[in-house]
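*Asks:* What follows is the residue order along each chain.
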Amino acid sequence: METTQTGSSPLQEMQREKAKDKVLAMWFFISAEVVIFGGLFGVYLTLKSHTGSGPSPEGLFELKETAVSTIVLLSSSFTCAMAGYFLQGKTKKKMILMLLFTLLLGMGFLGLEIKEFLTYVEKGYRITDSSFLASFYLLTGTHGSHVLAGCIWMLVLLFHLLREGLNEDTSLKIKVFSLYWHFVDVVWVFIFTVVYLFGKAG
Amino acid sequence: MDLKYTLWGKKITFPSDILAADMSILLFLLIGVGLLTYFKKWKWLWGWLTTTHHSKIGILYLTAGGAFFLRGGLDALIMRVQLALPENQFWVFQGEKYNQMMTTHGTTMIFFVAMPLLIGLMNVAVPLQIGARDLAFPYLNALSFWLFFAGGSLVNISFILGGSPTAGWTAYAPLALKEFSPGPGNDYYALGLQIAGIGTLLTAINFLVTILNKRTKGMTLTRMPLFTWSTLVTSLLILFAFPALTVALLLLSFDRLFGTSFLSADAGNALIWQHLFWIFGHPEVYILILPAFGIFSDVISTFAKKKLFGYTSMVFAIVLIGFLGFMVWVHHMFTVGLGPASNAIFAISTMSIAVPTGIKVFNWLFTLKGGVIRFNTAMLYALSFIPTFVMGGVTGVMLAAAPADYQYHDSYFVVGHFHYVIVGGTILGIFSGLYYWWPKMFGFLLDEKRGKWQFWLFAIGFHLTFFPMHIMGLMGMPRRVYTYLEDSGLGTLNMISTIGAFLMGLSVLFFIYTVYWSCRNGVRDASGDPWDGRTLEWAIPSPPPEYNFARRPFVRGVDAFWKEKMEGDGTFQPAEKLKPIHIPPSNVQPMILSGIFFMTAFGFIFDWNLVKIGGGILILGMLIWRSFTDKGGHFITAEELAEREERKGGR
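Protein sequences, first through last, are from chains B and R.
Taken in order, the first sequence gives residues 1 to 202; the numbers are from our numbering.
Taken in order, the second sequence gives residues 1001 to 1651; the numbers are from our numbering.
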């Protein structure tokens, strides 16, 4: 249902409606993603004891390294929130700077994850070696691909911002993106707890 | 009968059935291209392929779903011919070939017929029923359609490219894994459903946002027509059920394509597939039936000329059925060995769904009581649904009794049961909806006389086909078998069932003829309100202008249009001033993007790295391209709008 405000052009009114729609749609998309990750967690918990000839969770994980990547990713949520804060204050430069930080932190996290995977593969622990490894790679990999998608999204966003500046359209895009980014970070908190912490605790 | 020849030293064989399929495809393509060229309709076709308008996309869904219906129906007839006589050997359809037919029939009918036809009707009717101008995201809507179409084509094309899936529509692991299904068939299944599933999920989000945000003034949730309500709940079911399928298909794809062992019987856990599949699959049957409930509610109240009895309890029942639909998936797994406690819990929760369903049935009956009933074709379909669905429901409760299920499990009884609910619910609902909204879509009525013939052919064929299946099941005939012995005593019943199936096939062909006949001689729907309707969609001309409502109406109650007719002159108080309306542009991107998904799937099936990576990059590129072209379209100015409304005699 629309609210007609006096003195607004049809275009502005349409954009206001579009903003409401897109934010709501993102929430629904996130609900669907919750089920996807829920399913992947279920698969992981079912299969984590199926280690076959491969390593067990306790033997595999290095908590110190994942703690670093956790801090990196959670800081990116903070900078993303800051970007939202500056967005409301309409201070474009600070906002872009914060978005850049978010991008760098996101890429940093991805780098750490790729490094982690490479170490495992070097040790000979491939996705085909045991169902535990497969479910671990699928869960963290799905999360990682979400981070990757977020990074590409951010790059495109920055490009839009440089081209068009801060207007209703671009700020809506940032709003929708930040919902997504916070969600991806929250998922990591669960992965860190359920996979790494519980895995190490045995 | 096989065609064999040698080309450059390679022996090439075309089995006769594939040859027949190839030739028929070629024939249809040639006829299509010929007709389009002869009538100079290429530009017209392009308009349809690039459309983003909800009612046009609805018609696209109906057309594509209808085409898949013919394919799935042909599979059914082939199966019924093979089963008509004991120890029959029809053409080549025994063993593996029969499994292909059976799997394609089930997969196609659920994913590419029932759902898209319902979504097509939703696209046509829901925005009109709530007084909206379009769905919230027209581009996304087009993308949803094309993704469904790409996925459906992928599953269907597998037949002529090395074999269809063979593990049944449920694709149980470990049967569906490479170990037991080595051909590419189940790869088509996994990837085709995945792609179509993305489209369905996006459509659900689109409808949720549309219904929650795009209603006109006064159209509160408690005033929405039942079809819109059922669309809302169905969309929620899709939103939470399809991701479970996504995960299941992901595991299956990884196992088949990358050599993991999630679902294998020894290294992994095959039950994961069953759990995930039915966490999706059980809500799926409510995704199929709730919209049909919505259609029947609207149709029955229109043709009984009465407000729906117990509106609130009807809404409550839909929501409750939707909720309970998620709580009962284990009843598909009673014989797996999860233990009596879990079986008991899921048996009871399953049976409890009969309560809200019963409420609905009685409400429909009470709506009829004392009503001024008109027996139009749409109404005949709705009325015949009530006893049919009750029968399907009763056998459902029988199956829900866990100990009894050990007897019925995997017998033809189950096949009888779910065809009674899915054909007797969803397909009857779709036909009812088609006859009901046809004038709104195309501006002419489907002929009643021919429609009634079509209905009776279908209804008689339906009971002849599926009723004997219950008895055959109780006599011990298992499902998924391609033959049975002479002395099993199943011959007569199977023959009756086959005759019924051909009657249904005939009825579907007759429907196509009815459409053709009505297109040439049908009654034009001049008023836009051929049934003396009760809801908003009948308050505007048929077919509606591209903006639907020049000024969106102000709604004052349930059955909004009827209220205006009873308490006034049948015109609405407008909820807004005449003002410019934005029309989103046509867009070719959804079709291209889905085409790339289609190609990329082949990269995975045949392990072509270049296509895989190239496809991935192209998909990403398309999304980025979209982000730079998401503006545009044009405004219809207020003056132009006033003029256009004037010309139509204005409402």
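Be aware that a few hints might be false.
With a Cα cut of at most 30 Å, we get these calculated DSBU-like pairs of lysine-lysine [to be verified]:
#: 1; chain 1: R; residue 1: 1612; chain 2: B; residue 2: 123
#: 2; chain 1: R; residue 1: 1217; chain 2: B; residue 2: 173
#: 3; chain 1: R; residue 1: 1577; chain 2: B; residue 2: 22
In case anyone wonders, no lab produced these hints; they're calculated from the structure.
*Asks:* Now look at each hint and say whether the structure bears it out.
*Replies:* Outcome of the hint check:
Between residue 1612 of chain R and residue 123 of chain B the CA atoms are separated by roughly 28 Å; this keeps the pair inside 30 Å, and the hint holds. A hinted pair counts as satisfied when its Cα atoms are at most 30 Å apart, and residue 1217 of chain R with residue 173 of chain B qualifies at roughly 28 Å. A hinted pair counts as satisfied when its Cα atoms are at most 30 Å apart, and residue 1577 of chain R with residue 22 of chain B qualifies at roughly 25 Å.
The structure meets every hint from the earlier list without exception.
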